[in-house]
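Using the sequences and the hints given, assemble the complete structure.
Sequences listed follow chains B and C, in order.
Numbering-wise, numbering that gives the first Met the number 0 puts 247 at position 248 of the first sequence, and it's gapless, one number per residue.
Numbering-wise, numbering that gives the first Met the number 0 puts 236 at position 237 of the second sequence, and it's gapless, one number per residue.
Hints listed in this document are in silico derivations from the structure and should not be mistaken for laboratory results.
Owing to the predicted nature of the structure, the values given are computational and were not obtained by experimental measurement.
Using N, Cα and C, we set each Cβ at its ideal position, and we do this for glycine too.
Don't take every hint at face value.
As the list claims (entries may be wrong) - Restraint-style ranges between C-beta atoms, simulated for each label pair:
id: 1; chain 1: C; residue 1: Gly112; chain 2: B; residue 2: Val105; range: 38 to 44 Å
id: 2; chain 1: C; residue 1: Asp327; chain 2: B; residue 2: Phe175; range: 37 to 43 Å
id: 3; chain 1: B; residue 1: Arg107; chain 2: C; residue 2: Arg1; range: 19 to 25 Å
id: 4; chain 1: B; residue 1: Thr180; chain 2: C; residue 2: Ile319; range: 33 to 39 Å
As the list claims (entries may be wrong) - Residues of chain B placed beyond 12 Å of chain C at every Cβ, according to the derived structure:
id: 5; residue: Arg5
id: 6; residue: Leu15
id: 7; residue: Leu30
id: 8; residue: Val48
id: 9; residue: Leu77
id: 10; residue: Leu86
id: 11; residue: Arg88
id: 12; residue: Ser93
id: 13; residue: Val160
id: 14; residue: Arg167
id: 15; residue: Phe175
id: 16; residue: Gly177
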Amino acid sequence: MFVVLRDLLRYNGEFLAGILMTGVVVAMALLSFVSPYPPLDQFVAPMDVPPSAAHWFGTTSRGQDLFWLLTYSIRNTLAFGLLVAILSRILSLSIGLLAGYRGGWVDRVLMSINDTFIVIPLFPILVLFYFVMRDNMSWVMLAVLTALLGWSYDARLIRSVALSLRHREFTQTAVFSGMRTHEILSREHLPFVLPIVFSTSLNNMNWSIGLEVTLAVLGFTDINRPSVGGMIYWANQHSAVVAGVWWWIAFPVGLVVMLFIGLYLLAISMNEYIDPRSRLERGGGRKE
Amino acid sequence: MRAYARYAFGRFLQFLLVVFIGINIAYIITHATPIDPVEHTVSVATAFGHTAPEAIESMRQSLRELYGLTGSPIEQYLNFWRRVLVADFGPSLSAFPSPVSTLIGRAIPWTVGLLGVATILTWIIGNLLGGLAGYYRRSRLLKGFGIVAMALHPMPYYIAAIILLIVFGYLWPILPISGGSQMNVARGWSSEYILSVARHSMLPLLSLLLVGLGGWFVGMRSLVSNVVTEDYVVYAELAGVSKRRILTAYVMRNAIAPQVTGLAISLGHVFSGALITERVFGYPGIGSLLVDGVHAGDYSLVLGVTTVSIVGVSLAVLVIDLIYPLIDPRVTVS
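Structural data, given as C-alpha cells:
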C-alpha cells in the first residue's frame, strides 16, 4: 500500500497534482467543523465586502462570510458525491459481476437493461423528479435517484473484467468446492475488480457532483441547504456579476473546478497504474 | 444482407426497450410521489383571496384529468402511454392554449441544430487531434493540447458555459450572450438572419465543444498508441507505406470503431449538457423550454419535454447503431 503510494507520487505527476487539489478541497470541507458561523445564519457579517484579511473570500449580499459558507457547501457537495458513488457501486458491482459470471441469457438481459440506462438522458428525468417533489425533495432522495440511474457505465466495465475471470481455474475450483454464486462473486471475483471500481468511483463522483451543481444552480434542489451549486444560484439571484460582487461566483466556481480536475487526475493516474503496460512506459517498474 | 437485417432488428428491439423503460421511469416518478400534485397546485392557486368552492372543485377536476389521475391505476397507465404515443400532452398551462406539442415542435429545430453541429464537430476534431497525438507522440503542440483538453474535460457543462458567459459577456463583449437570433431580423432564409443565428450559436457551441473535446482526444490518443504497436503497422512501415497513409488507412481506420460506439453511449450525457447550455445562453431550444416549464409550474410541458427527450435520444442512438456496420463490418458477421 505505502509502496504503491510512494511509486505513484514519485513517477506520476498527475497523481501528485490530483492528490494536492483534492486534498485542498477536502481540507476546506473539514474546516466547516470549526466554522465560527452556523451555515444558515444570514447577516452576520457586513454585506458585499471584497476579499480582505477579516473575510478571506469576501462576504455575500446576504451578509454571509464566503469562506466559511463555502466550507459547509463543499462538505455537503462532497457528501452527495460520496453517497451516490457508494450506492451506485453496490448496483454496478452486483449487476456487473453477476452478468459476467453467469453469461448467457442472464448476461444478455442485464446488459440490455444496462445499455438502456446508458442511453436515457438523465437531466430531464431529474428535473421532472424535482418538479413533482418540489420542496419535499431532500438531498438523500436526489442521491438515491441519481445512483439508481447512474450505475450503468461502470457495470459494463466490471462485467468485461468478470467475463475474463469466468473461465479461470480458481473459479472452477470454487464451483467444485461447493461455493454458491454470491460467495464466488464476493470472495473470489470482487478482489479482481476492486482497482477499476476505485478509479471509476472517482469518475462517478465527478459526474454526480456535476449533476448536483447544475441542478442546484438552476434552483432545482433544496436551495436552503448550502451547496456549491446553491451558492451560485443565490449569487445569480442577486446578480452578483453585474453588481460587481465577483467573488461570490468566482470562489465557488474555482473550488469546484479544482475538485473536478483533482478527482479526474486521480482517476486517470490510477487507471494508468492498473494497466501495467503504461506503468512500465513511465519507467516506474513494480516494487512489491 | 440477412446478417445486417438480424443486427438491425436487434438494435431496434434495444431501441424499443430504451423507450419502454424510459417512459416507465417517467410514469413512476410522476405517479409515486407522496405529495398530490393536484392538491399542491390547487392550494397554491387558492392561497390568496377568496375562491368559490365550485370553482375549486372544477379546477380540481380538470387538473386531475390533465395529470392523468382519473380512473383505475391500469387505466391511468394506459392513458399515459396513449398520450406519449400520439405525442399529445394537452395544452400548456403557462402558454395557454398552445398545445405542448406545438411548443416543443417550435423548440426542437434549435436544439437539434445546436446539438447536432456541436456533437459532430466535437467528435471529428477530438478524434483527429487525438489520433495525431497518439501517432506523433513527441509533438510538443499536441502534448500541450492534451493537457488543456484534460483540464477542461471533467468540467460540467454548466460551469464551462458560465465561465464563457462571464468572459465574453462582461470582460470582452464581442459575441451575443443570449437568444437564438437578433430580435429585429425577420425570420427566413435571408443571409442576414442566418448570420445572426450563427453568431448567436457561437458561445453555446464553443462551450459544448470545449467540454466535449477532451474525452474524444484522450480516448483516441490511447487507442491509436495501442494500434501503432501492432505488427501490421510495423510491417506497413517497413514496406515503405507513406506515413500519411499508415495514419489514415491503417491506424485511424481501426481505432475509429470504438469511438463510434462511444458516440452512441455518450449521446444522452451530451444531450443533458446541451439542455443546460441552452439555458445559460437563453437559447430557444427545449432546454430553455424545460426550465421555464418548471418555473411556471407547467406539468404537461415538463412531462412532454422529458418524454420527447427520451424518445429523441434513443432514436439518435438507433441511427448511429444502424450505420455502425459501415465502419465495423464485423458486427454483422458474428
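Structure-based check of all given hints:
1. The beta-carbon spacing between Gly112(C) and Val105(B), approximately 42 Å, falls within the hinted interval of 38 to 44 Å.
2. The beta-carbon spacing between Asp327(C) and Phe175(B), approximately 39 Å, falls within the hinted interval of 37 to 43 Å.
3. Between Arg107(B) and Arg1(C) the C-beta distance comes to about 21 Å, which sits within the given range of 19 to 25 Å.
4. The supplied range of 33 to 39 Å is met by Thr180(B) and Ile319(C), whose beta-carbon atoms lie about 35 Å from each other.
5. A cut-off of 12 Å between C-beta atoms confirms that Arg5(B) is not in contact with chain C; the least separation is 24 Å.
6. Annotated as non-interface, Leu15(B) keeps its C-beta farther than 12 Å from every C-beta of chain C; the closest such distance is 15 Å.
7. Non-interface call for Leu30(B) relative to chain C: holds, since the shortest CB-CB distance, roughly 23 Å, exceeds 12 Å.
8. With 12 Å as the threshold on Cβ separation, the claim that Val48(B) sits away from chain C holds: the shortest Cβ distance comes to roughly 21 Å.
9. No beta-carbon of chain C comes within 12 Å of the beta-carbon of Leu77(B); the shortest separation is about 15 Å.
10. Every CB of chain C lies more than 12 Å from the CB of Leu86(B), the least distance being 17 Å, so the non-interface label holds.
11. The claim that Arg88(B) is not at the interface with chain C holds, since no C-beta of that chain comes within 12 Å of its own (minimum 19 Å).
12. For Ser93(B), the requirement that its beta carbon stay farther than 12 Å from each beta carbon of chain C is met, with the minimum near 19 Å.
13. Every beta carbon of chain C lies more than 12 Å from that of Val160(B), the smallest distance being close to 17 Å; the non-interface claim holds.
14. With 12 Å as the threshold on Cβ separation, the claim that Arg167(B) sits away from chain C holds: the shortest Cβ distance comes to roughly 24 Å.
15. The non-interface label for Phe175(B) is consistent with chain C: the shortest C-beta to C-beta separation is roughly 31 Å, beyond 12 Å.
16. Consistency note on Gly177(B): stated as away from chain C, and its beta-carbon is indeed over 12 Å from all of that chain's, at 35 Å minimum.
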